[in-house]
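S.K.: Position chain P against the provided structure of chain L, taking the given hints into account.
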Amino acid sequence: MASPLKITVSQEQGQVPVTVFHLVGDIDNSSYEELQAQAKSAYQAGSHYLLLDLTKVKYMSSAGLRALHNIFDLLNAGASEETQKKMKRGILDGSYKSPYLKLLNPSRDVKRTLSTSGFDMFLEIHTNAKAAVNSFN
Amino acid sequence: MSDAKPGCVLIVDDHKTNRMKMAFGIKNLGHTVEMAENGRQALEILRAQAIDLVLLDIVMPEMDGFQVLETMKRDKVLRNIPVIVISAETEMEQVVKGIELGAEDYLPKSFDPVLFKARVEACLEKKRLRDNEQLYLRGLERELQIGQRIQRSFLPDSLPQPPGWEIAAHFQAAKEVAGDFYDAFWLSRQEKIGVVLGDVCGKGVGAALFMTLFRSLIRAVANLDDFIHTDLSAAAANSLEPEAVVVEKAVTLTNNYICHNHQQANMFSTLFFGLLDPMTGRMVYTNAGQEPPLILSSKGDIHRLDITNPVIGIIPGIKFNIREIWLHPGDTLLAYTDGITEAFNPEGQMFSEHRLEALLNKPIASAAALLELIAASVDTYMGSSNQSDDITMIAVRRLTDCN
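Quick mapping for you: the protein sequence lines, in order, are chains L and P.
If you read the first sequence in the numbering used here, its first letter stands for residue 1, the second for the next number, and so on.
If you read the second sequence in the numbering used here, its first letter stands for residue 1, the second for the next number, and so on.
Pulled out of the complex, with its shape left as it was, chain L reads as follows (with noise of 0.2 angstroms):
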C-alpha cells in the first residue's frame, strides 16, 4: 500500500548554499516524477547542491532509482566534457562520489535498496544533518 510522497524544501547555509527536500512518504512509480519534476525547478531557479532527506521514505522502489539518477544527470549537466570524463574514469575506479546530489538518513530497506543497484557507488549517504550540509564544497 503505497504512501503519496510529500516534498518540502529548505534552504541551508554550509560552505555553499544547499538545498534540501525533506521527503514523507514512498518514491515509486507515482511520485519519481514529481521528485524529477522539483528538482528541476530547483535547479532552473538556482541551486546546484541538493541533499535528499530520506528519514521518512520507507519505500524506494527502481522507479525512485531512475529519479536519482535523472537528478544526478541534471546537476552534472553544466559540468566541462573534461569533468564528465574525470567522473566517469572515478566512477568505475570507486574514486568519484557526486559532489552535488547525496542522501541523507534512508532507512534500512532503501539503503539495501541502493547498494543493491550499486547507486552507492556515486551517491554519498549521510546520516547527520549538519555534517551532511557541511560536506558540500
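What the hints contain is simulated information worked out from the structure, not anything from laboratory work.
Hints are not guaranteed to be accurate.
Unchecked claim - Here are the simulated DSS-like cross-link-like pairs (lysine-lysine), alpha carbons at most 27 angstroms apart as the crow flies:
| # | chain 1 | residue 1 | chain 2 | residue 2 |
| --- | --- | --- | --- | --- |
| 1 | L | Lys85 | P | Lys249 |
| 2 | L | Lys56 | L | Lys97 |
| 3 | P | Lys249 | P | Lys319 |
| 4 | P | Lys27 | P | Lys109 |
| 5 | L | Lys85 | P | Lys319 |
| 6 | L | Lys6 | P | Lys175 |
| 7 | L | Lys86 | L | Lys97 |
| 8 | L | Lys58 | P | Lys175 |
| 9 | L | Lys97 | P | Lys319 |
| 10 | P | Lys127 | P | Lys97 |
| 11 | P | Lys5 | P | Lys127 |
| 12 | P | Lys319 | L | Lys111 |
| 13 | P | Lys97 | P | Lys73 |
| 14 | P | Lys117 | P | Lys16 |
| 15 | P | Lys249 | L | Lys88 |
| 16 | P | Lys319 | L | Lys86 |
| 17 | L | Lys88 | P | Lys319 |
| 18 | L | Lys86 | P | Lys249 |
Claimed, not checked - Facing chain P, from chain L, some residues (calculated, C-beta under 7 angstroms):
| # | residue |
| --- | --- |
| 19 | Asn29 |
| 20 | Ser62 |
| 21 | Ala63 |
| 22 | Leu65 |
| 23 | Arg66 |
| 24 | His69 |
| 25 | Asn70 |
| 26 | Ile91 |
| 27 | Thr116 |
| 28 | Ser117 |
| 29 | Gly118 |
| 30 | Met121 |
Beta carbons are placed, not taken as given, at the ideal position from N, Cα and C, and that holds for glycine.
M.R.: Below, chain P alone, put in the same frame as chain L:
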C-alpha cells in the same frame, strides 16, 4: 442543424399526435426518427438498431416509461443511450422519478421549439462525446493488447530442458506490459545454456520498450559467435575461458550500448546472466544489481550468490566481474525479481526475504512446483491489495541421479 453527424432519435409515445409533433421537430433539426407506441416496442427497436437518444413518454399501455428506463439501465449496452422524459407540466413527480431512474433530462409536452432543440441537441452532443470516449478507450485497449502480445513474444515460448535438468519460469506482469524479463537459451556452438533474469526500472510501456532492448541485446551478443560465424572462444586466446568471455562481452556491450545511446532516458536494468554447462553443473555468471539469486541444496541449505556489479545502463565502461558456481545433483538455482520480496499486503508490509526463505525449507518436487508454491504464497500474502510490481522467477534444477 449542427455540423455534427445526424443522430437517430427514438420517440416513444402512445399518442400519435405527440409522436408526430416530436418527429417533425427532430427531422427539422436534421436527425432521423424511429417511433414506438409503447415500452415493449421501444425495447425491441433499441435492441435491433443503433439509437442515439430516446424521447420517452411515461404513461403508456403494456409497458410504461419507468419500466423501459429500468430495463435500459440494467443493460450494459442500452444504459449508455441518453433518455429525455416527456411529461405534462403538472407531472413533476414523474419527472423526478424518471431522473432518479437515470434519465438525462425532461421535456414538457408543450414542445416549445427552443427548449426542444436545446435539450435534444445537448443530449445528442453528450452521446457523441461518450461514443468518442468509448472509441478512444477501445483503441487504447487494443493497442495495449497488441503491445502485450508483442512483448510476450520477447519471452521464450519454451525453455531448454537438457537431460538431467529442469528449467522453469514464472512471469506475472503488474500492468498490461512489463519491465521484467527472463530468458533461457542454448548457445549451440558452446553447448551451454544462457540463463537471464532482469528488471528494467519502473513499470508500464516505457519499461516494456527497454525490456525488449535489454533482452534482445543480451541474447544477440551472447550468440554473437553463432551469428557472425566466428569462434569467440578462439578469439579469447588463452587469457580468459570462453564461458566467461561470452558473459562478459554480452553484459559489457549491452551496458555500453545503453549508456551511449539512451543516456537521456535514464533507463537501466538489473541483470543476472549465467552460462550453465549442463554436462558439469558449472555456471559462470555476473549479477548486475539484481536481487542475489539463491542456491537451494538438496539438504535444505540456502546460499546467496553475489551482487557483482551495479545495474546496467548507467555507468559506461564498467568492468563486469564474473563469478562461478557449481550446481550439484539436487541443487536448484532460484532467481527472482523484487516483485516477490516487495509485494505488499493490505497492511502495507512487504513479503520480504524471510518469508521467501521460509518457503524453501521443504523438499522440492520440481522446479515448476517450486515457482508455483512461491507465486501462490505471494498471491495469498497480497490478498486484496493490487500487485504493485512485475513478478518474475526462473529456476534451474539439477536432478539427482535417482530422478
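S.K.: All hints, please: hold or fail.
M.R.: Consistency of the hints with the structure:
no.	hint	verdict
1	L/Lys85 <-> P/Lys249	23 angstroms, holds
2	L/Lys56 <-> L/Lys97	23 angstroms, holds
3	P/Lys249 <-> P/Lys319	10 angstroms, holds
4	P/Lys27 <-> P/Lys109	18 angstroms, holds
5	L/Lys85 <-> P/Lys319	16 angstroms, holds
6	L/Lys6 <-> P/Lys175	25 angstroms, holds
7	L/Lys86 <-> L/Lys97	11 angstroms, holds
8	L/Lys58 <-> P/Lys175	23 angstroms, holds
9	L/Lys97 <-> P/Lys319	18 angstroms, holds
10	P/Lys127 <-> P/Lys97	22 angstroms, holds
11	P/Lys5 <-> P/Lys127	12 angstroms, holds
12	P/Lys319 <-> L/Lys111	23 angstroms, holds
13	P/Lys97 <-> P/Lys73	14 angstroms, holds
14	P/Lys117 <-> P/Lys16	20 angstroms, holds
15	P/Lys249 <-> L/Lys88	20 angstroms, holds
16	P/Lys319 <-> L/Lys86	17 angstroms, holds
17	L/Lys88 <-> P/Lys319	12 angstroms, holds
18	L/Lys86 <-> P/Lys249	24 angstroms, holds
19	Asn29	5 angstroms, holds
20	Ser62	4 angstroms, holds
21	Ala63	4 angstroms, holds
22	Leu65	6 angstroms, holds
23	Arg66	4 angstroms, holds
24	His69	5 angstroms, holds
25	Asn70	5 angstroms, holds
26	Ile91	5 angstroms, holds
27	Thr116	6 angstroms, holds
28	Ser117	4 angstroms, holds
29	Gly118	2 angstroms, holds
30	Met121	6 angstroms, holds
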